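Chemist: Now for the letters of each chain:
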Amino acid sequence: MAQNKFTKENYLNWYKQMLLMRRFEEKSAQLYGQQKIKGFCHLYIGQEAVVAGTMSALRKDDRIITAYRDHAHALACGISANAVMAELFGKATGCSKGKGGSMHMFSKAHNFFGGHGIVGGQIPLGAGIAMADQYRGGDQVTVCYMGDGAVRQGALHETFNMAMLWKLPVIFVCENNGYAMGTSVERTTNVMDIHKIGEAYEMPNAAVDGMQPETVHEAIAAAAERARKGDGPTFLEIRTYRYRGHSMSDPAKYRTKEEVEAYKKKDPLEIVKQTILDKKYANEKWLDEVEAEIENEVNESVTFAENSPYPEAQALFEDVYSEPNYPFITE
Amino acid sequence: MRVIQFREALREALSEEMRKDPNIFLMGEEVAEYNGAYKVSQGMLDEFGAKRVIDTPIAELGFAGIAVGAAMNGLRPVVEFMTFNFSLVAIDQVINAAAKMYQMSGGQFNIPMVFRGPTGSAGQLAAQHSQAFENWYANCPGLKVVVPSNPYDAKGLLKSAIRDNDPVIFMESEQMYGDKGEVPEEEYMIPIGVADIKKSGTDVTIVSFGKIMKVALAAADELAKEDISCEVIDLRTVRPIDYATVIASVKKTNRLVVVEEAWPLASISTEITYMIQKNAFDYLDAPVRRITTADTPLGYAPTFVQEFLPSTEKVVKAVKEVLYR
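Chains A and B, in that order, give the protein sequences. In terms of the working numbering, the first sequence has 268 at position 268, counting the first letter as 1, and numbering is strictly consecutive. In terms of the working numbering, the second sequence has 270 at position 270, counting the first letter as 1, and numbering is strictly consecutive.
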């Protein structure tokens, strides 16, 4: 079984990473309720193993791009909880200087090419990022995430065709959580196995269990190796589940309580925790310490965000053009 | 001075810049092996190879987005649309990605790229191939929009567009590619956002840009025969617009006619008119007039083409009206 390939460090890191995502977003939901966080806010809770399993299989200089459900991806790329929380608050100290908000986290320094708000719009962008690396002769790999809704966009099909034609070093990851907002996969298509869309372009593809980081890691590692060798893209349908609604305003009435509870029994955080205990990689005391550490990190990020200033109103006119003296029309 | 075609001026700008900067590449339908649908990129595949002159499938949304992604990751793409009519299937990537990325990322990811190709009508091509979207793109902050009217400007402006660190929409015309004009051998640049006074005059200001500049200049020549002195301004860029040059001219002539190939509602001429009433109201001796296209799609028959487009006659008539003659 795959699990033998992974080290104690893998499990401890996955646990810490996923716990940070989980606690950070639970706090975000709370703060959204208090109206400290505004706008649209899409939580990742339940899907953490997908990002955790991806990151452990990649190099630091590999590229990540995703859609608007992007808090966990940002944190996993190494952007600090402070910078992500401040961005949620719309503060000048946020990772996008308060200009992006929940849907548009970015960090060039962490090779995080952003959260993108138009469903499927990031798919050609991800291929383009990979194209630039190929053009320069680099061996970086780009992981381009999308939801199960995005695979219905024409952009995916155009991009898949060119990515295969040019053998771009990109891994397309469909995080299939079963619902495009409120519309279940079976209500959008005749092809229930999303990964099979890759077949039309002869793109290597697979369905992957996304409720455990091990399976995700293995699939990503194999795809990354293929991409680095110059063998081109892979399409992975990683099957996962979000416990919360599509966004904070979604009561998720389109699915049953039983369905949600069934998935919660497969909770990746709980399963990794159990593995750690079973294999005696750490004890309850370590788990408690990590819990406290992360609680502290999250609370600190809230204090940091609270105490940070909003951007000056005039900063609206900065970062629209890189040219410093662009003549904006003011009246 | 030597005389070359508009398409050659564009090719020189592209090739000169590509020789200097290995991060620049050209991508689009038929740009490489076919040598360009309008032969702008003729010979460039031979010089730069398939890595830098890239034929794409017919997938504007996909390749526009791939180019924006490449720009996020350090390259400087030039995307050719066979016509800007086809850019509409790519407009999500132009408006939602290229134009937004720099601000959305808090100034981390600028998009140094050019989208270029022909705009506007070009004879009897019927409704879907006869549209001018200069004002659509000009409406969107984050973009710059350049519309050259002659080979000299085309070369100098395209070089500036390629070197610009923000996304530039560069709009040409099928009907201009064969136009000939003086272009010096030595390198020069024309800054984006600076209008050109093509003809000084005292009685009336005529403002236009792109292919329709020919109509504006022909009308001025016609009117000169009747001792009407027109000042003719080529905007050259419609985002940003060089309002100061237009305002200064109107303060001198006290009359303005704007000529544009675009549907009238929310056109560039509407915008110019607003700025003139705002900044030169007391100088105006007549209402500002605009000559746009008809407020319809352009049908196929030759009678429609004539009815639809701005013409010398229409401009002459409007100028005489603002002069009350």
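Because the hints were derived from the structure by calculation, they are not lab data. In this text, all values refer to a predicted model and were calculated from it rather than measured experimentally. For glycine and all other residues, C-beta sits at the position ideal for the given N, C-alpha and C. One or more of the hints may lead you astray.
What the hints assert, rightly or not - Derived contacts from chain A toward chain B, CB cut-off under 10 Å, selection only:
| no. | residue |
| --- | --- |
| 1 | F6 |
| 2 | L12 |
| 3 | I65 |
| 4 | G78 |
| 5 | N82 |
| 6 | G115 |
Chemist: All hints, please: hold or fail.
Modeler: Structure-based check of all given hints:
1. F6: violated (31 Å)
2. L12: violated (31 Å)
3. I65: holds (8 Å)
4. G78: Since the shortest Cβ distance to chain B is 15 Å, the answer is violated.
5. N82: violated (15 Å)
6. G115: OK, holds: G115 of chain A within 10 Å of chain B, min 9 Å.
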